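Can you make the complete structure from the sequences, with help from the hints?
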Amino acid sequence: MRAIRITSFGGPEVLVPAELPDPVASGNAQLLDVSRAGVNYADTHQAENSYLAASSLPMVPGAEVVGRLADGRRIVSLLAGGGGYAEKALVEPGLSFDVPEGIDDTTALAMVVQGASAWLLLRRSAVLNPGESVVVHAAAGGVGSLAVQLAKAWGAGRVIATASSDEKRELARELGADVAIDSRSEDMTAALREANGGQRVDVVLDMTGGRVTDQSLRALAPFGRLAFYGMASREQPSPIELRNLLGHSTTVAGMWLAHAFLLPGDVLRPAIAELFEMVAKGTLRAVPGGEFALSEARKAHEALRSRSTVGKLVLDPSR
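So the sequence shown is residues 233 to 551, counted in the working numbering.
In case anyone wonders, no lab produced these hints; they're calculated from the structure. Hints should not be assumed to be uniformly reliable.
What the hints assert, rightly or not - Pair ranges (Cβ atoms, derived):
| id | residue 1 | residue 2 | range |
| --- | --- | --- | --- |
| 1 | G242 | D498 | 34 to 40 Å |
| 2 | S481 | E333 | 27 to 33 Å |
| 3 | P471 | G304 | 50 to 56 Å |
| 4 | G429 | L478 | 25 to 31 Å |
| 5 | D265 | L477 | 46 to 52 Å |
All of these numbers come straight from a predicted model, not from anything done at the bench. Built from N, CA and C at the ideal position, the CB exists for glycine as well.
Pasting the structure below:
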């Protein structure tokens, strides 16, 4: 089968097309014919071995796939051990979800990772209350573009988007943001307060890191929450002193999608079902970010790392 194999850690240049044996199913695993594979920013960290979970070589990257099983069922599946950048992948029933009719491949992939992340950030990490203000950093990205829509659908009082270009800010407004500001603002604290009518903000969803995190934390209102789920800038925020959280009655929460599988009650299954239902009703949509041939995985990673992309990126294993 065609696949992308990584034999040394590094940047996009380490993603090399290869011919590999088909994976062999054992136990509960099933063999999936992959129609599209999702590409995530986390994949760029995995390629350089800077992700939360250590990588081992050689590896086929890729955390989610959509396609058909031998019985004809069309499913989208998360892959705990990678292997998505390939024509075939082994999937586990507990991490697989039937794709409803009318849901295209890109949308299915977006909902199972970016959609589930946005759902968890707003429902579990930040616990959004109706009427609260919500800041969505990187609002044109995979998670951000869905978080903007979910926040509005779930009653946010004011959604403030940040993005790095006029086109991305316009997209955020089209998706429902009340205001969109430049993510490169020198003083993000002041910019967020100004965007919120001079008031501090209630909720911040942040995957940037560095000064953006530091300045966003200072923009929080009493009992405000910052939900941190990535570090796209590859810059560490300043250390957080607990007495400062106490002094301002603020909360900082971390969210890693992998931990959702450890929660009792199979939280992800009803979450993804709700997301698919919203898509079917037209109240939520995935933003296609570009489709690349499997052989162009390197270009997909280069595009992600340049921060020039929007929405959901996918690979086509047939090419």
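Going through the hints against the structure:
1. At about 37 Å, the CB distance of G242 to D498 agrees with the hint of 34 to 40 Å.
2. Our hint of 27 to 33 Å for S481 and E333 is violated, since their Cβ atoms are close to 47 Å apart.
3. Evaluation of the 50 to 56 Å hint for P471 and G304 yields a pass: the beta carbon distance comes to about 53 Å.
4. Between G429 and L478 the beta carbon distance is about 27 Å. The supplied range of 25 to 31 Å therefore holds.
5. Between D265 and L477 the beta carbons are some 49 Å apart, a value that agrees with the proposed interval 46 to 52 Å.
The earlier numbered hint that this structure contradicts is number 2, and it is the only one.
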